[in-house]
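Participant: Chains as they are written, first to last, in the numbering used here: chain A, 1 to 234; chain B, 1 to 234.
The set of hints was computed from the structure by calculation and includes no laboratory data.
Quick caveat, the model's predicted, so the values are computed rather than measured.
Among the hints, a few may not be true.
Not the full set, but computed from the structure, chain A residues with beta-carbon under 7 Å of chain B [to be verified]: (1) M116; (2) L118; (3) H119; (4) V132; (5) G133; (6) M136; (7) D147; (8) V154; (9) D157; (10) P175.
Far from chain B by the CB rule (all over 10 Å, computed), these chain A residues [what the hints assert, rightly or not]: (11) A139; (12) H145; (13) L171.
Heads up, the beta-carbon is just placed ideally off N, CA and C, and yes, glycines get one too.
Protein chains: 2
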Amino acid sequence: MISGVKALIFDVFGTLVDWRTSVARESQRLLEPLGIQTDWAAFADAWRGEYQGAMQEVRSGRLPFCKLDVLHRRNLDIVLAKLGVDDMRVPESIRFELNQAWHRLDAWPDVGPGLMKLHRHYRLAPCSNGHVGLMMDLARHNGWHWDAILGAEVAGDYKPKPVVYQRACELLDLPPHQVMMVAAHSDDLAAAALGGLRTGFVPRPDEHGPGRSETDPQHEVDFVFPQTGLMHPG
Amino acid sequence: MISGVKALIFDVFGTLVDWRTSVARESQRLLEPLGIQTDWAAFADAWRGEYQGAMQEVRSGRLPFCKLDVLHRRNLDIVLAKLGVDDMRVPESIRFELNQAWHRLDAWPDVGPGLMKLHRHYRLAPCSNGHVGLMMDLARHNGWHWDAILGAEVAGDYKPKPVVYQRACELLDLPPHQVMMVAAHSDDLAAAALGGLRTGFVPRPDEHGPGRSETDPQHEVDFVFPQTGLMHPG
Numbered sequence: 001m002i003s004g005v006k007a008l009i010f011d012v013f014g015t016l017v018d019w020r021t022s023v024a025r026e027s028q029r030l031l032e033p034l035g036i037q038t039d040w041a042a043f044a045d046a047w048r049g050e051y052q053g054a055m056q057e058v059r060s061g062r063l064p065f066c067k068l069d070v071l072h073r074r075n076l077d078i079v080l081a082k083l084g085v086d087d088m089r090v091p092e093s094i095r096f097e098l099n100q101a102w103h104r105l106d107a108w109p110d111v112g113p114g115l116m117k118l119h120r121h122y123r124l125a126p127c128s129n130g131h132v133g134l135m136m137d138l139a140r141h142n143g144w145h146w147d148a149i150l151g152a153e154v155a156g157d158y159k160p161k162p163v164v165y166q167r168a169c170e171l172l173d174l175p176p177h178q179v180m181m182v183a184a185h186s187d188d189l190a191a192a193a194l195g196g197l198r199t200g201f202v203p204r205p206d207e208h209g210p211g212r213s214e215t216d217p218q219h220e221v222d223f224v225f226p227q228t229g230l231m232h233p234g
Numbered sequence: 001m002i003s004g005v006k007a008l009i010f011d012v013f014g015t016l017v018d019w020r021t022s023v024a025r026e027s028q029r030l031l032e033p034l035g036i037q038t039d040w041a042a043f044a045d046a047w048r049g050e051y052q053g054a055m056q057e058v059r060s061g062r063l064p065f066c067k068l069d070v071l072h073r074r075n076l077d078i079v080l081a082k083l084g085v086d087d088m089r090v091p092e093s094i095r096f097e098l099n100q101a102w103h104r105l106d107a108w109p110d111v112g113p114g115l116m117k118l119h120r121h122y123r124l125a126p127c128s129n130g131h132v133g134l135m136m137d138l139a140r141h142n143g144w145h146w147d148a149i150l151g152a153e154v155a156g157d158y159k160p161k162p163v164v165y166q167r168a169c170e171l172l173d174l175p176p177h178q179v180m181m182v183a184a185h186s187d188d189l190a191a192a193a194l195g196g197l198r199t200g201f202v203p204r205p206d207e208h209g210p211g212r213s214e215t216d217p218q219h220e221v222d223f224v225f226p227q228t229g230l231m232h233p234g
């Protein structure tokens, strides 16, 4: 793929898993029986829409580092409030269960066989803003075998802060030029490239709904995976 | 095994891998062609004998945290010097290759099938003083699948310092009483118990040579694995 690369580290939400479809389905399953009617894909988008702002509180130092479950839960409460749903209507137990939907996201179909093939040639690890416990659950849910779990929690800050990519390379015990960050998002790859990592772009044009996401990298990258995702021919 | 336990974390050197036989074999393979004759098991013991003292430099704060490869290499130079072998006789390339022997240690025979069985019921992770890169290599060498790599490096200090066990529970996102530390060494288990973790003792009576290691835990533990190691009947 790229000469000298010994490890691939992966963005997860959007790049490996279709969070939108999974979260919409779980939201409908848990909230519709409570009499809540809405566009469930739009609900998933709204929930995800609070994501960057919540992490920015941590990146800026206004909040200490906390696991993504905590931010997801805060954001769920915000989104339900915006829908006009009060605390009584959706009890704590359902909110907790729904927040755990992020631990049960389904992979894009190419990811399982793709990782299995890539595992023969590279060390593989997620480098996600999701915490270690969430990544372990997604791996079991989707049948993935990682060499290690890297990312925000072991660095104590959120991507795209440089420390997250640096800490991943340090724990892999590899110089950055032997590590490739793989993502469907140009900003993630641009931040990794600033740290000296190689970059691989995976097109996930349907992440935010049919045809509503990046089809090509917005900056120069070292490798572009084909439309077939991780099942590239190389 | 123990009610309420959701994750098992493992000591590795001695508990899962037979470092003595592997290191003796690799030392003989790499040093005998240079004309060095010695008792290779005793050489492995001497190398391992420098282990606790080197980590104590880090635990005490006299040295900043560094990967175990660095300490192993320091200790190798000490042991070769004690043998009267000078720098010229064993070149840098051989010292580097020999130091990597710790990345290629063979597991005790029960460990592979035992972990595979335990994986169905528990989250599994190493909690070793070996660094993440070394643990990844041992996993690939022995065909293990971990849920995550925990231990000294992600905590920034060495066992039995309490932070190593605490950090493991924190990253597993579990309270300590839902995590069991599994080891062949009573001192490791005693330190884990102080942090509120459950404890499981695995007898490895031959770790330091036939019949020269702990056969029973020296303190009360929650579970004792049988002589068949991780292939326990439970």
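Participant: Each hint: holds or not?
Facilitator: Here is what the structure says about each hint:
The restraint placing A/M116 at the interface with chain B is violated, with a minimum CB-CB distance near 12 Å, outside the 7 Å limit. Of the supplied interface hints, the one on A/L118 is violated, with its beta-carbon coming no nearer than about 14 Å to a beta-carbon of chain B, more than 7 Å. Here the hint on A/H119 is broken, as its CB sits about 9 Å from the closest CB of chain B, past 7 Å. Against a cut-off of 7 Å between C-beta atoms, the interface hint on A/V132 holds, since the closest Cβ of chain B lies about 4 Å away.
Given hint, A/G133 at the interface with chain B, holds; its Cβ is 3 Å from that chain's nearest Cβ, closer than 7 Å. Taken as an interface hint, A/M136 checks out: its beta carbon lies about 5 Å from the nearest beta carbon of chain B, inside 7 Å. A least Cβ separation of about 5 Å between A/D147 and chain B falls short of the 7 Å threshold, and the interface hint therefore holds. The interface hint given for A/V154 is met, as the beta carbon of that residue sits about 6 Å from the closest beta carbon of chain B, less than 7 Å.
For the restraint placing A/D157 at the interface with chain B, the shortest Cβ-Cβ distance is roughly 15 Å, beyond the 7 Å limit, so the hint is violated. A least Cβ separation of about 12 Å between A/P175 and chain B goes past the 7 Å threshold, and the interface hint is therefore violated. Listed as outside the interface, A/A139 is inconsistent with that label: its C-beta sits roughly 7 Å from the nearest C-beta of chain B, within the 10 Å cut-off. For A/H145, the shortest C-beta to C-beta distance to chain B comes to about 5 Å, within the 10 Å cut-off, and the non-interface label is violated.
Not every CB of chain B lies more than 10 Å from the CB of A/L171, the least distance being 4 Å, so the non-interface label is violated.
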